[in-house]
Structure formats: structure tokens, C-alpha cells
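**Q** Sequence:
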Amino acid sequence: MNKWADYLVSKEKWIPNVKRIESFYVHHDNGDTISSGFEKERSWIVQQINNGKTFSCITKNSNGVWIQKSSLTLTNKGGLNWSDNLPLILPRRKAFISYYHKDDKEYKKRFYKLTSDLIINKSVEDGDIKSDNGADYVKQLINKGYLSDTTILIVLIGPKTKCRKHIDWEISGALNYKVGNSYAGLLGLKLPGHPDYNTGKFSHTLQPQRLTDNLKTKYALIRDYTTNRRELQNYIELAYEKRKSMFYKRDNSRLQMKINTCS
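Its first residue numbered 6, the sequence shown is counted upward by one per residue in the numbering used here.
These aren't lab readings, by the way, just hints derived from the structure by calculation.
It is possible that some hints are incorrect.
[What the hints assert, rightly or not] Capping the alpha-carbon separation at 30 angstroms, the derived lysine-lysine pairs in DSS-like fashion look like this:
(1) LYS114 to LYS165
(2) LYS18 to LYS45
(3) LYS165 to LYS65
(4) LYS113 to LYS249
(5) LYS118 to LYS135
The structure presented is a predicted model; accordingly, all values stated were derived computationally and were not measured.
Could you put the whole structure together from the sequences, leaning on the hints where they help?
**A** What follows is the structure, encoded as C-alpha cells:
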């Protein structure tokens with residue numbers, strides 16, 4: 006495989022309140038592989054370009070595979086020029102991904118591959134925890150570390166997500182104060198198969214009711230699933246901030262579901 010450039014950049018950081026780039030997350034292009042990244046300041050990038058090194062922006066496609074985007078070059082005035090809206094250099098949030106394992110497993114896999122450098126995956130895999138009691142299930146999630154330090158719970162919303170008891174239990178656990186001595190932020194992502202996808206609507210009866218409770222209080226937010234990594238990061242950060250700024254708006258008063266209401 007031919008190299009795209011000497012260096013590849015996947016994230017960016019801006020000086021707060023100033024329209025000036027501070028640094029990039031840089032990778033070595035090894036031809037058939039891409040190295041793990043490291044943060045480098047703008048001045049280093051400029052020096053390397055002046056020394057003849059080439060840079061290219063990269064992102065991940067819908068299957069989580071790195072692809073080449075625009076080049077990163079110097080302008081005639083010595084500034085940096087690139088055309089891609091890269092994710093920001095931010096801490097990776099500890100995220101629990103809640104989804105209907107039968108119908109939406111492939112979307113969960115794609116989502117994690119797409120965001121693997123943006124989040125730390127805290128999710129349960131098939132067979133990890135089994136319980137027919139909501140309280141016992143949530144207690145196991147916390148005690149075994151799945152929810153103990155989770156800072157955001159992401160619900161992948163398909164057509165049948167609304168009627169699955171384990172998803173209700175996971176949302177309930179994320180809103181429990183025992184999670185990291187705080188609450189987890191709550192983000193719902195409508196999948197393409199959902200009736201409300203790409204309509205701008207949030208039909209309260211077509212999503213998990215505990216999620217609806219917190220959407221009404223504005224503690225939770227719901228967006229359409231997207232493969233745009235910068236947009237996904239923005240959604241995650243907004244939900245993360247709500248866990249601090251709007252913690253008093255969380256609503257976990259609903260009784261936990263006892264049975265699945267659809268197959």
C-alpha cells in the first residue's frame with residue numbers, strides 16, 4: 006500500500022476564544038499501517054512542512070477504517086490550510102453503549118469502530134451478565150465495573166429498543182448516583198431503521214420511556230446516528246456536560262420494566 010503522506014493528522018485543538026490552531030494529533034504513515042497518535046504543536050507542523058515533510062488529514066469511514074481526506078499545507082502567508090472538520094483533541098469519555106443485541110449488534114460494532122479513539126468502551130457484551138431482576142442486573146453492572154465509572158450512556162435507538170427491559174435497566178443504572186459518585190450523561194442516537202430517523206421528530210412512544218422522561222426534563226438529548234466523527238464527538242460532549250450542569254433534572258423515578266414488551 007502506498008503512503009498517503011509522511012504524517013497523518015486525525016484531530017485538532019484550537020486556542021480558546023481565538024481563531025488559531027494550537028496543535029494536531031499526528032500519526033506516522035507506515036504504508037500498510039498507521040501508528041498510534043501523538044499531539045504536536047502548530048510550530049512543529051510548520052517546521053516539518055518547511056523541511057519537506059508532507060501531511061494529510063484522515064478520518065474513519067462507516068466501517069471504522071481510516072481513509073484519506075485533504076492535505077495539510079502551508080499558505081503563502083505561512084498559515085496552515087486544510088479543509089476537513091476533524092474531531093477535537095479531548096479526553097476519551099467512558100461510554101456505555103446500550104442497544105438491542107438481537108437487532109442492532111452491527112450498528113454497535115460500527116459505532117465503536119468509528120469512535121474507538123474518541124471514547125473508552127464500557128459496554129456489556131453478549132453473555133457477560135445475566136439476570137431477570139432489574140435491581141440485581143444494575144448492581145452487577147456497577148460492581149463489575151461496567152457502570153462504576155461510566156460518564157455517558159449512549160442508547161442506540163432502533164425500532165424495538167423501546168420495549169427491551171435490559172435497555173431500561175441500563176438507563177436506570179446510568180442515572181444512579183452510585184455511578185462514579187455522580188450520574189452519567191444520557192445520549193440517544195436514532196438509527197436509520199427507526200421511524201423518526203432524519204425527520205427531526207422525537208416521538209415519545211417510539212423510544213425507551215426512561216429516556217423520554219429525561220428528554221422532557223432536558224437532561225438527555227437525542228440525535229440522528231451519523232458517521233460524521235466531529236458531530237458524534239459534539240453530541241457526546243454535550244451529554245457529558247449535561248451530567249454536571251443539569252444533574253438536578255435527571256428523572257429516574259419510573260419503575261423498572263419487568264418484561265420485554267416486544268420480541
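**Q** Each hint: holds or not?
**A** Consistency of the hints with the structure:
no. : hint             : verdict
1   : LYS114 to LYS165 : holds, 18 angstroms
2   : LYS18 to LYS45   : holds, 10 angstroms
3   : LYS165 to LYS65  : holds, 28 angstroms
4   : LYS113 to LYS249 : holds, 26 angstroms
5   : LYS118 to LYS135 : holds, 26 angstroms
This entry satisfies every hint, going by the numbered hints stated previously.
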